[in-house]
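In case you want the letters, here they are:
2 protein chains.
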Amino acid sequence: MAAVAAAAMKPGATLTDVGSVKAGPAEAMHAAAPAGVYVIPGHPIAGTEHSGPDAGFAELFENRWTILTPKINDDEAYALAVARLSSFWRAIGANVELMDEKHHDLVLAVTSHLPHLIAYTIVGSAADLENVTESEVMKYSAGGFRDFTRIAASDPTMWRDIFVANKDAVLEMLGRFTEDLQAMSRAIRWGDADTLHDHFTRTRAIRRGIVAAGQESAEPNFGRDRGKH
Amino acid sequence: MAAVAAAAMKPGATLTDVGSVKAGPAEAMHAAAPAGVYVIPGHPIAGTEHSGPDAGFAELFENRWTILTPKINDDEAYALAVARLSSFWRAIGANVELMDEKHHDLVLAVTSHLPHLIAYTIVGSAADLENVTESEVMKYSAGGFRDFTRIAASDPTMWRDIFVANKDAVLEMLGRFTEDLQAMSRAIRWGDADTLHDHFTRTRAIRRGIVAAGQESAEPNFGRDRGKH
Numbered sequence: 149m150a151a152v153a154a155a156a157m158k159p160g161a162t163l164t165d166v167g168s169v170k171a172g173p174a175e176a177m178h179a180a181a182p183a184g185v186y187v188i189p190g191h192p193i194a195g196t197e198h199s200g201p202d203a204g205f206a207e208l209f210e211n212r213w214t215i216l217t218p219k220i221n222d223d224e225a226y227a228l229a230v231a232r233l234s235s236f237w238r239a240i241g242a243n244v245e246l247m248d249e250k251h252h253d254l255v256l257a258v259t260s261h262l263p264h265l266i267a268y269t270i271v272g273s274a275a276d277l278e279n280v281t282e283s284e285v286m287k288y289s290a291g292g293f294r295d296f297t298r299i300a301a302s303d304p305t306m307w308r309d310i311f312v313a314n315k316d317a318v319l320e321m322l323g324r325f326t327e328d329l330q331a332m333s334r335a336i337r338w339g340d341a342d343t344l345h346d347h348f349t350r351t352r353a354i355r356r357g358i359v360a361a362g363q364e365s366a367e368p369n370f371g372r373d374r375g376k377h
Numbered sequence: 149m150a151a152v153a154a155a156a157m158k159p160g161a162t163l164t165d166v167g168s169v170k171a172g173p174a175e176a177m178h179a180a181a182p183a184g185v186y187v188i189p190g191h192p193i194a195g196t197e198h199s200g201p202d203a204g205f206a207e208l209f210e211n212r213w214t215i216l217t218p219k220i221n222d223d224e225a226y227a228l229a230v231a232r233l234s235s236f237w238r239a240i241g242a243n244v245e246l247m248d249e250k251h252h253d254l255v256l257a258v259t260s261h262l263p264h265l266i267a268y269t270i271v272g273s274a275a276d277l278e279n280v281t282e283s284e285v286m287k288y289s290a291g292g293f294r295d296f297t298r299i300a301a302s303d304p305t306m307w308r309d310i311f312v313a314n315k316d317a318v319l320e321m322l323g324r325f326t327e328d329l330q331a332m333s334r335a336i337r338w339g340d341a342d343t344l345h346d347h348f349t350r351t352r353a354i355r356r357g358i359v360a361a362g363q364e365s366a367e368p369n370f371g372r373d374r375g376k377h
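Each protein sequence line maps, in turn, to chains C and W. Note that our numbering numbers the first sequence so that position 97 is 245, with each residue one more than the last. Note that our numbering numbers the second sequence so that position 214 is 362, with each residue one more than the last.
Incorrect hints may appear among the rest.
[To be verified] Partial list, computed: chain C residues near chain W (C-beta under 7 Å):
{"hint": "1", "residue": "ALA151"}
{"hint": "2", "residue": "ALA154"}
{"hint": "3", "residue": "VAL258"}
{"hint": "4", "residue": "THR259"}
{"hint": "5", "residue": "VAL280"}
{"hint": "6", "residue": "ILE299"}
{"hint": "7", "residue": "PRO304"}
{"hint": "8", "residue": "MET306"}
{"hint": "9", "residue": "ALA341"}
{"hint": "10", "residue": "HIS347"}
{"hint": "11", "residue": "PHE348"}
Calculated directly from the structure, the hints in this document are not laboratory data. Being a predicted model, the structure only gives us computed values, none of them experimental. Idealized CB from N, CA, C, for every residue including glycine.
Produce the entire structure from the sequences given, and follow the hints as far as they go.
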């Protein structure tokens, strides 16, 4: 797709994208672009579980971060194109950060790809149980499961492509998570209450940081069920 | 605590609770109650990551489910006490379901306890990374991670007690989840796009069921960031 778009572009134009994985696709974009076209891969970290034009809303990018992964070079015209694209994102409300494309893929493996993989997995596990019905899972989902189903309702084709494209970073993060989950499992099996309490206390700081960074509403239940007011 | 409360109760009174695990605590309540006191353990499936009186709001129980786990017997007075307690919960907006206490613990292990364990774990894993900073995790959390941090900000003492009290059911569910996660990991490693796509498609049905069951808002981002309107 990048190749088709790139072939039609005139020198001085900017070629960007909004994909969730950067390293591989960026390489393809750089290879496909004619001389004089500024390739600046990008990724706005915003959105819901819904896809397509109807899923947009005016405040979608407000106070969210857009990551751009430009090449590092000393071309002044390229630097200007990066500044222009940054201004575009800022104009629609986003904050902009420049980042190495491989580092982007690692960061997103933690903040997005692994959470999606886990959510997809647990929702599948719950659906497969013999001793708990799907109806029970749905009715009593307000206990925490519900939040996982929202993430697991994201577009299957897009997420298949993300996991195939960002395999190495996802598997690295998954390895860390699995190791930590085994440690928690062991603490539960042996009734190691102190280890559990210490761990559960530590994770609250991250949440407070996210609220402080303006990436979350501190409202109870973030206004869920309050649409009517 | 149940023993102290029970000792002060007169015949004809009802002793209930709102704890997240039922089998063990219910046994203690039955043992502690004087003759003629109706012991009816209960659990409202509602709430946010916040605890204490200030975390309540008027609509907290509206259209949420409260599970009661009465003993099965043919005592008419006991049946009346169960009906009375059910009416109480309905009066403040909840739906009521009667359930065997062991089955309750298994259902909640899936819909609440395992999701909390996973959320606590991944948030801890993310905080421990050497190559991704905490600041990066916070800034780019809107990609999915944010939802896990909300769950992982729940009360550490309460959750420590839940995992100790519901050990068997949690470990059973954790075993299923880990098995399924290994299968996903393998599909990613081998680039098995079809397996990934099939799995990701299947989980959407559960989400639709939860929205249909009135346990979730279908609004984009469920009104997050829209409190101002």
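Hints and how they fare:
Given hint, ALA151 (chain C) at the interface with chain W, is violated; its Cβ is 21 Å from that chain's nearest Cβ, farther than 7 Å. For ALA154 (chain C), the interface hint is violated, since its Cβ never comes within 7 Å of a Cβ in chain W; the closest pair sits about 25 Å apart. Hint status for VAL258 (chain C): holds, given a least beta-carbon distance of 5 Å to chain W, under 7 Å. Against a cut-off of 7 Å between C-beta atoms, the interface hint on THR259 (chain C) holds, since the closest Cβ of chain W lies about 4 Å away.
The interface hint given for VAL280 (chain C) holds, since its Cβ lies 5 Å from the closest Cβ of chain W, which is under the 7 Å cut-off. The beta carbon of ILE299 (chain C) is positioned within 7 Å of a beta carbon in chain W (closest approach about 5 Å), and the interface hint is therefore held. At a threshold of 7 Å, the smallest CB-CB gap from PRO304 (chain C) to chain W is about 4 Å, leaving the interface hint in force. Taking 7 Å as the C-beta cut-off, the interface hint given for MET306 (chain C) is violated, the closest approach to chain W being about 9 Å.
About 5 Å separates the beta-carbon of ALA341 (chain C) from the nearest beta-carbon of chain W, less than 7 Å, and the hint is met. About 6 Å separates the beta-carbon of HIS347 (chain C) from the nearest beta-carbon of chain W, less than 7 Å, and the hint is met. Because the smallest distance between the Cβ of PHE348 (chain C) and any Cβ of chain W comes to about 4 Å, under 7 Å, the interface hint for this residue holds.
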